[in-house]
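Engineer: Full structure from sequences and hints, please.
Here the sequence shown is numbered in UniProt numbering, starting from 1 and rising by one per residue.
These are computed hints drawn from the structure, not numbers from a lab. The structure presented is a predicted model; accordingly, all values stated were derived computationally and were not measured. For every residue, glycine included, the Cβ atom is placed at its ideal position computed from N, Cα and C. Please note that the accuracy of each hint is not assured.
Stated by the list, open to error - DMTMM-like cross-link-like pairs, simulated, lysine to aspartate or glutamate; straight-line CA separation at most 20 Å:
id	residue 1	residue 2
1	Lys321	Glu385
2	Lys321	Glu381
3	Lys16	Glu36
4	Lys16	Asp255
5	Lys321	Asp283
6	Lys16	Glu41
7	Lys16	Asp44
Claimed, not checked - Pair by pair, the computed Cβ-Cβ distance ranges are:
id	residue 1	residue 2	range
8	Ala126	Arg55	25 to 33 Å
9	Ala364	Gly216	22 to 30 Å
10	Arg84	Leu387	38 to 46 Å
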Amino acid sequence: MTCADPSSHSGARPVKNGGSVGADAQSIARAVSSRELTAREVIDQHLGHIGRTNRQLNAIVTVAAESAVRAADEIDARLDRGERVGALAGVPFTVKDLIATAGIRTTAGSQALVDNVPSVDAPAVARMRAQGAVLIGKTNTPEFGASGLTHNDLFGFTLNPLSPGGIERSPGGSSGGEASAIASGMSVVGLGTDFGGSVRWPAHCTGLCSVRPTNGRIDADGQYPGVMIDGRALTNRVTMHGSVQTIGPMARSLDDLVLLLRILSSPQYRWVDPGGVRLDELDVRWAAGEGTVPVSAEIVAAVTESVQRLRPSVRSMQEYKGGALRQANDLFTRMRAAETHTDITQYGTAAGFSENIRGILAAARPTAMTDIEALWARRAELLHEFLSTMGDLLILPVASILAPPIGETQFNVDGSVLSWADALASSRAISVLGVPSVVVPVATSACGLPIGVQIIARPWHEHNALAAAALCLRPRQR
Numbered sequence: 001m002t003c004a005d006p007s008s009h010s011g012a013r014p015v016k017n018g019g020s021v022g023a024d025a026q027s028i029a030r031a032v033s034s035r036e037l038t039a040r041e042v043i044d045q046h047l048g049h050i051g052r053t054n055r056q057l058n059a060i061v062t063v064a065a066e067s068a069v070r071a072a073d074e075i076d077a078r079l080d081r082g083e084r085v086g087a088l089a090g091v092p093f094t095v096k097d098l099i100a101t102a103g104i105r106t107t108a109g110s111q112a113l114v115d116n117v118p119s120v121d122a123p124a125v126a127r128m129r130a131q132g133a134v135l136i137g138k139t140n141t142p143e144f145g146a147s148g149l150t151h152n153d154l155f156g157f158t159l160n161p162l163s164p165g166g167i168e169r170s171p172g173g174s175s176g177g178e179a180s181a182i183a184s185g186m187s188v189v190g191l192g193t194d195f196g197g198s199v200r201w202p203a204h205c206t207g208l209c210s211v212r213p214t215n216g217r218i219d220a221d222g223q224y225p226g227v228m229i230d231g232r233a234l235t236n237r238v239t240m241h242g243s244v245q246t247i248g249p250m251a252r253s254l255d256d257l258v259l260l261l262r263i264l265s266s267p268q269y270r271w272v273d274p275g276g277v278r279l280d281e282l283d284v285r286w287a288a289g290e291g292t293v294p295v296s297a298e299i300v301a302a303v304t305e306s307v308q309r310l311r312p313s314v315r316s317m318q319e320y321k322g323g324a325l326r327q328a329n330d331l332f333t334r335m336r337a338a339e340t341h342t343d344i345t346q347y348g349t350a351a352g353f354s355e356n357i358r359g360i361l362a363a364a365r366p367t368a369m370t371d372i373e374a375l376w377a378r379r380a381e382l383l384h385e386f387l388s389t390m391g392d393l394l395i396l397p398v399a400s401i402l403a404p405p406i407g408e409t410q411f412n413v414d415g416s417v418l419s420w421a422d423a424l425a426s427s428r429a430i431s432v433l434g435v436p437s438v439v440v441p442v443a444t445s446a447c448g449l450p451i452g453v454q455i456i457a458r459p460w461h462e463h464n465a466l467a468a469a470a471l472c473l474r475p476r477q478r
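Structural biologist: Here is the structure:
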């Protein structure tokens, strides 16, 4: 099941004629494990594609060529010895530059960390490598991930490889570099992070599949900014940022996404194969948005089309009538406003950060602990209400807009002028509630851009969302 548009250069496909660029992860792993291709050939092919493509897109900010070649050669040597390498044998992957990678520069898009080279992988990166995946590069992100558009003073703008009509467009953010790298075929799969929609919005913008898992399913340590101990960035779970942000996989293929989530899932949480899900036992709800911010008519139509594809296969399908979503985005904003951002200021003074980060730091105001506790209590109330009204699944837009032109920061939807944060209201509402969300492309806009939808499940029930996602994919991509 392919996510990225197969009519473009980014469409996932099986390995053909010895060429691995554009192929899906499982096809590459089978070819490498069976010796149809060597891991070194796969990496050399992808490094060549990066050399031809990245100058235009600016998606990969650190190419890990030398270490990738060494890792590929080691995989080939292990296979020659008859050893098993793993489910991702020889698969090139990229990692958002917010996530720690041992021996590979990790800047978080900030001048303050331009020379930062972690000594330890984030646990999620370590899990990928343990299955034979080969880290080929780090991808661009706004400084500390604090924007929905991928640009920073250190590396500049990242472009969307899917930009019909000659208009240079953004891949979204903050995992926009990751999305651009995967959608363009420079990487096969990768790891992003999601705070207010940062793996879901870029997937929507570039025609990829992604998942924001239940908070805790994937080990969140190794993300910047974090609590620095012995050179490691550990998650500060008493902050809103540390509690809400999670690492999430991205892929061109839904089958690859399922495999990645299984690999990354912490062992203490039972993994359920989505292939065994009985959709006819599920009650599904849908909504045209979170209820307070307008959504483009094309995107609403894509949600409706997805509903119609699912309707014959599920037990019931009804419009969502609960009120929790209407209040969740505002709660996200209020909780974020109560953050002190000391996790950022530990890396330097305000003068050393971008204008965007300086503005965030300047806006921080001390908040009484009683007020913070009240916000978390309100979050518990909203989550209780949401779970009582969402059914087993909820179909929702990812964002109010399509992938925007580079440089635009305000967007007109039905006469309302939205910021990028406004445009992500549906994603931010789901983030603060802490429930899992799978994104797949379900339609193509009139101008040729992909449109994704969120399929939201109850906590720890990602398998239900993944099973429904297979039916929601654009018909030609199944």
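Engineer: Taking the numbered hints from earlier one at a time, note which ones the structure violates and give those numbers from smallest to largest.
Structural biologist: none
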